[in-house]
Amino acid sequence: MVSDRSGPRKKTSDLEGSNNNARFSLFAGHKGLAPAWKTHLDTWRSGNVKRWSVDLHKLIYTHIVMIGLPTIFYYCLRQGGFTLINVHIAIATFFLVSSIMIIIEATHALVRRSPHLAQPSAWKLLEQWWRTWKQPFSRRDRPPNPPQSLPRCSVLLVAYLPNEQDIILETLRKILNTVYRSAAGIEVILAYNTPVDLPIETDLHRLAQLYPEFKLLRVEGSHSKAENINAALDLLTGEITCILDADHHPSPDCFVRAWHWLERGYDVVQGRNVIRNHMDNLMTQNIAIEFESLYGVSHPAKSFLTDSTIFGGSNGYWRTAVLKRIRFNPMMLTEDIDATMRTLLSGYRIVHDRSIIATELAPPDFNSFWFQRKRWAQGWLEVSFKYQRRVWKSKHFNLIQKLYWTYLLYYCVIYSVFALQILPLLLSLFLYHGSFPPSENAYLWGCTLITFFSGFYQTAVTMKVSANRYPGFYFLQYAVIIFVYTTLKNMISTVALYDHLHGHNQWVVTPRGAQANRVIQPESVPVLASTASVVSTK
Amino acid sequence: MMNQRGDRSPHLAWIDGILICSVVMLLLYHVQLRFTGYAYTPQPTGLANNLQQLLVANYRLPDLGWLTQGLGLVSWFGFQWIDVLVIIGGFSLVVSLEHQRFLPRRFLGRSLGQVLWPFWTVVWLVYPLLWAIAIATKTYFPPAWYLFAGLTFPLVYTYNSDLLISTSANWWLMSLILSFVVSFPFLWRLLHRWGRMNLLLVSLVVTVGYRALAVYVLRGHPTYVLWDSPASSQPFALFLAKLSIFVVGMVAGSAYLQRRGPAYWPPGLAIAIGLGLYGLGFGCQFYYLGWIVSDLLVSAGLALGCMGVMQWLAQVDWIAMGMTTLGQYAYPYFLLYGLVVDRVLQFIVQGEPAQYLMALPVMVVGTLILAMVTDYTSPLLRRVVMGLLQDLDYVLSRTPKFQRRVWKLHVGDQVFYRGEAGWTVLKVEKLWDEQEFILCQVSDGQRSLWAKEEDLRPRGK
Numbered sequence: 001m002v003s004d005r006s007g008p009r010k011k012t013s014d015l016e017g018s019n020n021n022a023r024f025s026l027f028a029g030h031k032g033l034a035p036a037w038k039t040h041l042d043t044w045r046s047g048n049v050k051r052w053s054v055d056l057h058k059l060i061y062t063h064i065v066m067i068g069l070p071t072i073f074y075y076c077l078r079q080g081g082f083t084l085i086n087v088h089i090a091i092a093t094f095f096l097v098s099s100i101m102i103i104i105e106a107t108h109a110l111v112r113r114s115p116h117l118a119q120p121s122a123w124k125l126l127e128q129w130w131r132t133w134k135q136p137f138s139r140r141d142r143p144p145n146p147p148q149s150l151p152r153c154s155v156l157l158v159a160y161l162p163n164e165q166d167i168i169l170e171t172l173r174k175i176l177n178t179v180y181r182s183a184a185g186i187e188v189i190l191a192y193n194t195p196v197d198l199p200i201e202t203d204l205h206r207l208a209q210l211y212p213e214f215k216l217l218r219v220e221g222s223h224s225k226a227e228n229i230n231a232a233l234d235l236l237t238g239e240i241t242c243i244l245d246a247d248h249h250p251s252p253d254c255f256v257r258a259w260h261w262l263e264r265g266y267d268v269v270q271g272r273n274v275i276r277n278h279m280d281n282l283m284t285q286n287i288a289i290e291f292e293s294l295y296g297v298s299h300p301a302k303s304f305l306t307d308s309t310i311f312g313g314s315n316g317y318w319r320t321a322v323l324k325r326i327r328f329n330p331m332m333l334t335e336d337i338d339a340t341m342r343t344l345l346s347g348y349r350i351v352h353d354r355s356i357i358a359t360e361l362a363p364p365d366f367n368s369f370w371f372q373r374k375r376w377a378q379g380w381l382e383v384s385f386k387y388q389r390r391v392w393k394s395k396h397f398n399l400i401q402k403l404y405w406t407y408l409l410y411y412c413v414i415y416s417v418f419a420l421q422i423l424p425l426l427l428s429l430f431l432y433h434g435s436f437p438p439s440e441n442a443y444l445w446g447c448t449l450i451t452f453f454s455g456f457y458q459t460a461v462t463m464k465v466s467a468n469r470y471p472g473f474y475f476l477q478y479a480v481i482i483f484v485y486t487t488l489k490n491m492i493s494t495v496a497l498y499d500h501l502h503g504h505n506q507w508v509v510t511p512r513g514a515q516a517n518r519v520i521q522p523e524s525v526p527v528l529a530s531t532a533s534v535v536s537t538k
Numbered sequence: 001m002m003n004q005r006g007d008r009s010p011h012l013a014w015i016d017g018i019l020i021c022s023v024v025m026l027l028l029y030h031v032q033l034r035f036t037g038y039a040y041t042p043q044p045t046g047l048a049n050n051l052q053q054l055l056v057a058n059y060r061l062p063d064l065g066w067l068t069q070g071l072g073l074v075s076w077f078g079f080q081w082i083d084v085l086v087i088i089g090g091f092s093l094v095v096s097l098e099h100q101r102f103l104p105r106r107f108l109g110r111s112l113g114q115v116l117w118p119f120w121t122v123v124w125l126v127y128p129l130l131w132a133i134a135i136a137t138k139t140y141f142p143p144a145w146y147l148f149a150g151l152t153f154p155l156v157y158t159y160n161s162d163l164l165i166s167t168s169a170n171w172w173l174m175s176l177i178l179s180f181v182v183s184f185p186f187l188w189r190l191l192h193r194w195g196r197m198n199l200l201l202v203s204l205v206v207t208v209g210y211r212a213l214a215v216y217v218l219r220g221h222p223t224y225v226l227w228d229s230p231a232s233s234q235p236f237a238l239f240l241a242k243l244s245i246f247v248v249g250m251v252a253g254s255a256y257l258q259r260r261g262p263a264y265w266p267p268g269l270a271i272a273i274g275l276g277l278y279g280l281g282f283g284c285q286f287y288y289l290g291w292i293v294s295d296l297l298v299s300a301g302l303a304l305g306c307m308g309v310m311q312w313l314a315q316v317d318w319i320a321m322g323m324t325t326l327g328q329y330a331y332p333y334f335l336l337y338g339l340v341v342d343r344v345l346q347f348i349v350q351g352e353p354a355q356y357l358m359a360l361p362v363m364v365v366g367t368l369i370l371a372m373v374t375d376y377t378s379p380l381l382r383r384v385v386m387g388l389l390q391d392l393d394y395v396l397s398r399t400p401k402f403q404r405r406v407w408k409l410h411v412g413d414q415v416f417y418r419g420e421a422g423w424t425v426l427k428v429e430k431l432w433d434e435q436e437f438i439l440c441q442v443s444d445g446q447r448s449l450w451a452k453e454e455d456l457r458p459r460g461k
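Residue numbers (my numbering), protein chains in the order written: chain Z, 1 to 538; chain S, 1 to 461.
I should point out that these hints are in silico values taken from the structure, not numbers from a laboratory. Hints should not be assumed to be uniformly reliable.
[Stated by the list, open to error] What follows is a list of derived Cβ distance ranges for each label pair: (1) S/E454 / Z/V54: 32 to 40 Å; (2) S/A144 / Z/A90: 21 to 29 Å; (3) S/R110 / Z/A90: 35 to 43 Å; (4) S/W312 / Z/V54: 33 to 41 Å; (5) S/G412 / Z/V54: 35 to 43 Å; (6) S/A134 / Z/T107: 44 to 52 Å; (7) S/D228 / Z/G503: 51 to 59 Å; (8) Z/Y432 / S/G419: 51 to 59 Å; (9) Z/G503 / S/R101: 22 to 30 Å; (10) Z/G503 / S/L67: 38 to 46 Å; (11) S/S183 / Z/V54: 41 to 49 Å; (12) Z/Y432 / S/R418: 48 to 56 Å.
[As the list claims (entries may be wrong)] Cross-link-like lysine to any residue pairs, in silico, SDA-like; alpha carbons within 20 Å at most: (13) Z/K395 / S/V395; (14) S/K138 / Z/Y432; (15) S/K138 / Z/T71; (16) Z/K402 / S/R398.
Given the structure is predicted, the values throughout are model-derived calculations rather than measurements. From the three backbone atoms N, C-alpha and C, an ideal C-beta is built for every residue, glycine too.
I would like the entire structure built from these sequences, with the hints used as guidance.
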């Protein structure tokens with residue numbers, strides 16, 4: 001329930017419809033791979049396949065320790081005459097706190113925060129909330145008028161080309177042809193890395209000749225998104241820089257909307273990411289609603305309540321000067337959250353605007369989902385252990401912000417462990433009685449009802465503020481399976497915790513379409529404080 | 001005894017084999033002694049008398065044929081494997097320092113960590129379970145003071161380990177293990193200053209002299225001999241009684257690093273010499289005078305023979321792999337077996353011979369599974385605790401810790417990475433985190449990695 005921390009993404013592939021733009025017709029044949037390098041790539045792929053089942057022993061171990069042993073423990077205590085009602089109440093309180101947070105967030109998500117109300121009064125907030133509530137199922141406000149002062153803008157597109165070669169041209173087409181350009185102009189830089197030469201690179205070079213504003217940067221020796229971004233920073237000439245992943249399609253008015261915040265003193269604006277391939281399967285449908293809930297409800301509400309939020313790795317709009325100063329740390333698993341923390345600790349401000357929409361692709365299968373979420377969870381752990389203590393001491397965070405970031409960092413680490421304790425508690429009850437005897441404790445019933453209500457309420461609010469008109473059954477099935485889904489994410493989090501504390505931090509590039517997962521091993525021993533990222537160059 | 005797997009080369013699988021064999025034999029000894037109510041321990045009453053007692057005692061074991069009878073006979077002497085662990089401890093510590101500069105402080109920090117963290121993990125995991133079991137069964141649970149002593153070991157420390165024994169009988173060995181870890185830097189220095197043979201000779205004189213004192217003046221006894229003496233077995237728990245055994249291991253390890261010594265003997269020769277020494281020591285343990293040297297001879301003989309057998313077995317790849325895999329759990333296995341055996345005997349076996357036979361493999365495998373869980377959990381616990389302590393330190397400290405840069409990094413610089421030479425700076429990245437900090441991509445020609453500037457040192461400084 002609390003897992004609303006979204007990290008950066010190595011995205012999935014999904015080949016979309018054919019290209020209707022004549023300017024791109026010359027690239028129509030790029031999907032047919034030349035035999036020589038295709039053989040090479042296939043060999044490269046087949047040697048690096050990794051399935052989620054490689055983590056099965058960790059899953060078993062963590063659940064023996066966190067469910068098996070506590071079940072025996074609780075069972076023995078029940079045998080000894082303990083009712084364990086206090087333990088049950090403590091765990092229920094944990095759920096209650098999280099549920100109340102969800103309800104508060106969801107309620108505040110009904111208010112649309114305007115750049116003109118950067119420091120709103122209570123009355124104006126109430127008025128704004130009422131106006132929003134009166135607009136049934138309104139999803140987006142009117143597009144703002146392009147300001148005269150919109151400066152030169154840069155789009156920094158980052159790609160790992162073997163993985164994203166099938167979709168990169170479509171993304172470029174979308175950006176080059178649809179994003180609004182100010183009088184000062186726009187530039188688009190594709191910073192990519194690849195271990196082998198690819199035919200798509202020829203196509204990209206020809207595209208760069210057609211579009212003078214498009215620059216191509218192959219980053220030699222790079223093994224991460226952070227290295228690609230850092231390499232491109234010296235080329236940036238815009239005053240605002242938008243960082244995008246290879247599958248992200250930004251809305252045309254993205255810079256206009258972002259500038260409204262930047263010109264009012266913010267340094268980074270995080271937009272809203274929406275799943276494009278939601279119709280693929282049950283998992284993508286759920287992820288679509290989950291993203292709506294994260295980017296449409298949780299993040300905006302937290303930004304609204306605390307005037308602080310995260311940069312999610314993509315669809316983020318930076319003052320270029322700040323970006324060039326902060327840069328990205330290639331030693332971190334989630335370099336975006338790391339950059340967020342350094343940005344905030346250095347006194348810069350980040351805001352979330354859910355009206356700045358970019359579409360992206362969800363993982364197409366469970367395998368990709370597993371590794372993606374494990375990397376996010378482990379990346380958050382890495383950041384939590386590295387920065388939590390500094391947040392508590394920082395003069396750039398007020399008390400509310402310190403509480404909020406403790407909730408996002410340490411609380412979420414603890415939550416994934418403690419939330420699981422409800423299972424051994426119930427299992428021991430079942431073993432002891434042979435059934436689940438009904439409880440007469442009003443507090444427990446209250447907590448249970450509020451917990452379930454929070455899930456439904458959050459889903460209902462998500463439906464109201466969602467960016468797309470999804471079929472109603474998406475929301476219904478999400479509300480029904482949210483507890484199973486959350487349990488699954490908590491299980492992944494515990495495996496991530498195991499990996500992190502054991503110093504294992506390989507990550508798997510989320511594949512696009514039929515491509516196999518590739519293992520990247522970036523760091524040696526990164527626990528509690530990051531150390532070194534190791535990449536074999538053999 | 002400590003977990004040295006990080007430093008172990010693959011061709012030393014036989015050490016892991018000896019380790020796991022030793023702890024399993026200790027378990028069998030412990031369970032047999034407890035099940036039969038200490039029916040037999042070697043007495044200083046002569047060989048013939050002891051053999052007679054041994055046969056009588058063996059009849060108290062459930063009989064399923066020659067296999068169980070044979071295993072029962074061997075298990076009466078399972079305590080001898082403690083000395084094998086002492087020898088292997090000395091050997092492993094020396095071998096783990098191969099190609100490393102010996103820094104006493106770093107050694108002590110690492111070695112004490114390897115001893116204490118698994119111990120704390122066992123204690124912190126097991127005490128709640130033991131408490132729950134005691135609640136459920138309304139049976140004995142150690143008083144709070146003893147729990148506190150275990151949880152904070154070695155804060156409340158007595159050399160005879162009385163406070164630990166109330167939880168698990170075999171934890172008396174913790175004092176001995178800590179003694180050897182702490183005295184190792186001194187012995188290491190003497191090893192290099194005096195040479196192997198001189199150190200061995202001096203340690204033999206010290207040990208034999210002390211053991212003679214223990215037998216004839218301090219009035220102690222070396223095992224669970226039920227002997228009415230004021231000092232009981234305590235004099236033999238002091239590290240002086242085992243010093244030369246440990247030094248034998250160190251000397252063998254030192255010779256091994258120079259590609260000499262027993263580790264390079266042919267397995268057949270090692271087994272033959274081992275049997276000879278063991279036979280002599282075995283006979284000695286049934287006489288007062290023999291107590292002075294029996295442990296030395298038995299441990300050396302048993303270790304040699306076992307080494308020969310394990311080296312021979314380790315020639316088969318999958319057996320070697322099995323030894324290496326299981327060997328890493330030897331230390332947590334040792335910490336856990338007493339707890340497992342006591343509870344299984346109390347709650348499952350309950351004196352029934354049939355149950356005893358069925359429970360034996362369950363105890364051996366069950367302890368192994370728990371040892372695996374402990375081994376997995378120990379680093380987790382360590383990092384969580386250390387992380388929380390770092391947090392506390394950071395929050396409470398009045399001056400933030402910022403690294404002051406003392407040298408400027410350039411692409412192409414030759415640097416040490418964490419003390420290791422041969423690295424070249426490929427890229428320098430300046431980032432901002434309340435102040436400027438630098439990351440460098442460095443390469444040793446084989447790998448490239450990103451490192452923090454504080455992990456790098458210019459070559460030649």
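Each hint, compared with the structure:
Between S/E454 and Z/V54 the C-beta distance comes to about 34 Å, which sits within the given range of 32 to 40 Å. Between S/A144 and Z/A90 the beta carbon distance is about 23 Å. The supplied range of 21 to 29 Å therefore holds. Remark: the range hint 35 to 43 Å for S/R110 to Z/A90 is upheld by a beta-carbon distance near 38 Å. One distance hint, 33 to 41 Å for the beta-carbon pair S/W312 and Z/V54, holds here, with the actual separation near 35 Å.
Evaluation of the 35 to 43 Å hint for S/G412 and Z/V54 yields a pass: the beta carbon distance comes to about 39 Å. Range check, S/A134 to Z/T107: about 49 Å between beta-carbon atoms, so the 44 to 52 Å window is met. One distance hint, 51 to 59 Å for the beta-carbon pair S/D228 and Z/G503, holds here, with the actual separation near 54 Å. Distance hint check for Z/Y432 and S/G419: the Cβ-Cβ separation is about 56 Å, which falls inside the suggested range of 51 to 59 Å.
The supplied range of 22 to 30 Å is met by Z/G503 and S/R101, whose beta-carbon atoms lie about 24 Å from each other. Distance hint check: the CB atoms of Z/G503 and S/L67 are about 44 Å apart, consistent with the given range 38 to 46 Å. Under the hint 41 to 49 Å, the C-beta atoms of S/S183 and Z/V54, about 43 Å apart, fit the expected range. For Z/Y432 paired with S/R418, a C-beta distance near 53 Å keeps the hint of 48 to 56 Å intact.
Distance hint between Z/K395 and S/V395 is fulfilled; the C-alpha atoms sit about 13 Å from each other, no more than 20 Å. With a CA separation close to 17 Å, the supplied pair S/K138 and Z/Y432 stays within the 20 Å bound. With a C-alpha separation of about 19 Å, the suggested pair S/K138 and Z/T71 falls inside the 20 Å cut-off, and the hint holds. Proposed proximity of Z/K402 and S/R398 is supported: the alpha carbons are some 19 Å apart, at most 20 Å.
Of the numbered hints listed earlier, not one is contradicted by the structure.
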